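Engineer: Listed below are the residues making up each chain.
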Amino acid sequence: MLRYIYGKDLATYPVLQDSMHRDRAAQFAHRLKWDVTIDQNGWERDEYDAMNPLYVIWENADGTHGGSMRFLPTTEQTMVNDHFSNLLNGVDIRSPFIWECTRFVLGQGANSRVAAAMMLAGGELMRAFSLTHLLGVFDPRMVRIYSTIGASPEVLGSAGEGRDKISVGLWPFRPEDRLQVLKRAGLSSEISEHWFSRSFGHPIHALQKAA
Amino acid sequence: MKALELDTFLLALDQADALDQIQDLIVGLRDAFQVDHVVYHWVSADGEQYGFGTYDPRWAERYQERDYIRIDPVIIGCFQQFHPVDWRRLDWSSKAAREFRKEAVEYGVGNQGFSIPIRGPNGQLALFTASHSTDDASWDAFTARHQRDWILIAHYLNQKALDLEKGRTPEPVRALSPRETDALTYLGMGYSRGQVADLLKISEHTLRAYIESARFKLGALNTTHAVARATSEGLIIIGGAARAAPGGWPGRDDGKIPKSAAS
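As they're listed, the protein sequences go chains B and F. Under the numbering used here, the letters of the first sequence match residues 1 to 211, in that order. Under the numbering used here, the letters of the second sequence match residues 1 to 263, in that order.
A few of these clues could be false.
[Claimed, not checked] The list that follows gives simulated cross-link-like pairs (lysine-lysine, DSSO-like), each with its CA atoms no further than 27 Å apart:
| hint | chain 1 | residue 1 | chain 2 | residue 2 |
| --- | --- | --- | --- | --- |
| 1 | B | Lys8 | F | Lys201 |
| 2 | F | Lys201 | B | Lys165 |
| 3 | B | Lys33 | B | Lys165 |
Quick caveat, the hints were computed from the structure, so don't treat them as lab data. Bear in mind the structure is a predicted one, so any value in this text is a computation, not a measurement.
Generate coordinates for the entire structure from the input sequences, incorporating the hints supplied.
Structural biologist: Now the structure itself:
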């Protein structure tokens, strides 16, 4: 199931928190060999985790992490503006309608349905909170996966070579993507809204014109 | 709220140079949105608070006196979050919260509320709130219709409050990046978004993100407003006759960005 959890509440889900940070260590430090920090718990954790971000987490049936990503509003300090503005032609993106999405990761053995469920969650956030775009930092090899599940970002720029390669891209809010992503995730609209509402105690409003 | 009224509000907000002017602006918002109350509430990390709004002053006084900030589910629920919050989704289950709510309704706050939380610098929390007495369906319609405007107003209002805070140096107008400057310049010259995207060799989606970002930095309501702002602040220069001039203009034929426009 999908959970939307602020950083300040993450410790109330200790299994989820522990397995998420371990899966992040496996992905970013061990597989991709990015220059990230692993703490004494074996967790990959950075300064942005300390800024009380909003996490979207796929929880497996046994309560462990199946996939996740991390959101911060671009009106505050963000990883993209701190580290990747060179990939955006020096544009410092700031808008209450654009949130940054970083540390997209799939757990061990997660399938493409989990990836699709997370893209679905990104869309639900955009729909519910009048967002126009998500601004993402990701491993460029994910682009093929994003494309398969029907939610391709527009890659704005990439840096590094080989395993170090990292990309910045935009997911615009395209309401029409939702049907495709729901299908790929094998989920109904109702269950997605139910999960959202349970996390936020907040129903998604009818789509507003974002102009 | 009509776009024109919001425009007038933002213009007046921009010109405000004292905190007490914000009170009048908020009264204007209440009338324009036709809700019972509009409130801006600032809480600093050390618990210091102030605010502006249309609540009964006796309620504001009582709130302070009773230190309700410690039990108010709106403050507790919005603390450290950054998504818009409908009051019905907050936790009103404790006895203290239920009594607080009952009292708030008696003082005319209303049975519905919608708050935009903003996490400002140094642990500041700002809340921009509408409250009203109405049924759930009408309130859902109100928040769905106005969420976007409400988010913008919240951010601009908080920026102004931060700028006017005593002893604080206002942040300089955020510089536009060259790409944002180019985008606004071309739009100001009358090009369509599609044409501007082509000129800048980016997609329309990316262009839209650049425009969103530029207009937020300019405190603008929409693209037209952003272009006007950028022009009046000298951030962009639009050669009025350039488009109509025969033979193009520098950079036109080789597709490069004209230097004069990008400066």
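Engineer: None of the hints should be skipped; say for each whether it holds.
Structural biologist: Structure-based check of each hint:
1. At most 27 Å may separate the alpha-carbon atoms for a hinted pair to count; B/Lys8 and F/Lys201 exceed this at roughly 41 Å.
2. As the CA atoms of F/Lys201 and B/Lys165 are separated by approximately 23 Å, the hinted pair is consistent with the 27 Å bound.
3. About 10 Å separates the Cα atoms of B/Lys33 and B/Lys165, which keeps this hinted pair within 27 Å; it holds.
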